[in-house]
Each structure stands twice: as C-alpha cells, then as structure tokens.
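**Q** These protein sequence lines are chains W and A, in that order.
Here the first sequence stands for residues 1 to 113, numbered as in this note's numbering.
Here the second sequence stands for residues 1 to 113, numbered as in this note's numbering.
Just so you know, these hints were derived from the structure itself, not from any lab.
Please note that the accuracy of each hint is not assured.
Short, incomplete list of chain A residues facing chain W, as computed with Cβ under 7 Å [what the hints assert, rightly or not]:
(1) S45
(2) L46
(3) V48
(4) R70
(5) F88
(6) T95
(7) A98
(8) S99
(9) F103
(10) T105
(11) G106
Quick caveat: nothing in here was measured; it's all calculated off a predicted structure.
Note that beta-carbon positions come from the ideal geometry of N, C-alpha and C, so glycine has one too.
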Amino acid sequence: NAGVTQTPKFRILKIGQSMTLQCTQDMNHNYMYWYRQDPGMGLKLIYYSVGAGITDKGEVPNGYNVSRSTTEDFPLRLELAAPSQTSVYFCASTLAGGSYEQYFGPGTRLTVT
Amino acid sequence: ELKVEQNPLFLSMQEGKNYTIYCNYSTTSDRLYWYRQDPGKSLESLFVLLSNGAVKQEGRLMASLDTKARLSTLHITAAVHDLSATYFCAVDPGTGTASKLTFGTGTRLQVTL
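Next up, chain W with everything else stripped away, as it sits in the complex (with noise of 0.2 Å):
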C-alpha cells in the first residue's frame, strides 16, 4: 500500500493562478479530509468527505473547492491564488466505523507571490 499521496511536493504560483492539489488513497477509506498548516500552526480543516460524491465544509473553505468523483481521489483547487493561501496542504483519509485515526500524505508546499 502506498497510503495517501499528494501530487506536486512543491508549487509556487503567482497571485491570481489556479491550481489543482492531488491526493489519492489506496486503503480504501471512505473519509478524506484537506488541512492547510500555516507556520508555526496547528491543521486546520479545508474540507472533508465522507464518500463519492459527498464533499462539505470545514473550518476555512473559503477560495478552495473540491470534488469527490471516486473513494480513491480527492483533489482541492485553488481558485484566483492570493499570498494569504501560502502554506502547506495536507490529504488525509480514515475508515469510518473504527477508530477514525487519521493517515497523512507527505504534504504540498504551496507559495502564491
């Protein structure tokens, strides 16, 4: 198993770009989840999914979006990139019904200028 993966390790865009963060899973967790970490910080939670087709909104899902098309992928987009949105981003998934314990991707370093 490869566990979650995350495509690109590193981005830097410019103010206004757009752009798609991969994140696929091969455990077949029904639960996947986006986190931002901003120096110095705790995750904070972009947004979740409990399956296909079922995406809702966490603590900061504002210029973010994301879909659900597969239990395996879940890809976050960013939308007109500002410097605020500078941080590295992070996949997760759990199975539902267990202990929910979380399992992380390696992470995006994102830097919009």
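Following the hints, position chain A against chain W.
**A** Below, chain A alone, put in the same frame as chain W:
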C-alpha cells in the same frame, strides 16, 4: 466552537529528563489523537485514545485521557535526542457524520545533550 490548547508551546529539555505536555480541550469528547511531526515532514500517528482513563505507551512516550477534566497528557520519560519534534494533539468531538479533527497549536520539543 471547539478549542484545543497545548502547553507548553516550546520545550527544551536535557536528555534523560522527564516531562509532560498538556492538551486541554473545550467540549465533550472521548476521541483524542497524538501526532508527531518532524521538520518539513508529514504527521505520524502516535496514539489513539478513545475512552475516559485510556492510557497508551510506546517506548519513552505515554499518553492518557481524562474526559471529565477534558485533558490529555503526553509524558516523556528519560528523553533522548531522537524525540526532538513537534507534537500535536487533535480532538474529534464525535458530532456529525465525519470525524473532523481540531488540532492544538503544537508543542515543539527540543532535547539537548
């Protein structure tokens, strides 16, 4: 709104010493998780605590949960340099259909010789 507070935020300790990191949270929950993060890396799951009085131990680390006091502790015994990292607690209030975590700000642990 669930708030999770960790203290201390920064801890410098000598090898061989003992210390405790505290995690307080503001609402009822019996699901608490501890993660470790090395600089520039992702989050690694350390402990899953799912009931009042739960205690888990792994090597020099021991975590406990007191749901009545809304407090979890991470105790470090005879610290070694390899334990240097940032430690996060995360709480799942268990409401709604997904396991949404709220993270503490983290405790940066530095173990010196």
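**Q** Tell me if L46 (chain A) is really an interface residue toward chain W, meaning its C-beta lies closer than 7 Å to one of theirs.
**A** Violated. Min distance 10 Å.
**Q** Tell me if T95 (chain A) is really an interface residue toward chain W, meaning its C-beta lies closer than 7 Å to one of theirs.
**A** Constraint on T95 (chain A) not satisfied, violated at 13 Å.
**Q** Answer holds if the nearest beta-carbon of chain W is closer than 7 Å to that of S45 (chain A); otherwise answer violated.
**A** 6 Å, holds
**Q** A closest beta-carbon separation below 7 Å is what the hint needs, so does G106 (chain A) meet it against chain W?
**A** 5 Å, holds
**Q** Answer holds if the nearest beta-carbon of chain W is closer than 7 Å to that of F103 (chain A); otherwise answer violated.
**A** Interface hint status for F103 (chain A): holds (3 Å vs cutoff 7 Å).
**Q** Let's test the interface hint: is any C-beta of chain W closer than 7 Å to that of S99 (chain A)?
**A** 4 Å, holds
**Q** At a threshold of 7 Å, is the proposed contact between V48 (chain A) and chain W supported by beta-carbon distances?
**A** 5 Å, holds
**Q** Does R70 (chain A) pass the interface check with chain W, least Cβ-Cβ distance below 7 Å?
**A** 17 Å, violated
**Q** For the hint on T105 (chain A), does the least C-beta distance to chain W fall short of 7 Å?
**A** 5 Å, holds
**Q** Once the shortest beta carbon distance from A98 (chain A) to chain W is found, is it less than 7 Å?
**A** With Cβ-Cβ at 5 Å, under 7 Å, it holds.
**Q** If you take the shortest Cβ to Cβ gap from F88 (chain A) to chain W, is it below 7 Å?
**A** Hint holds; F88 (chain A) Cβ to chain W Cβ min 6 Å, cut 7 Å.
The structure does not agree with the numbered hints 2, 4, 6 stated previously, though it agrees with the rest.
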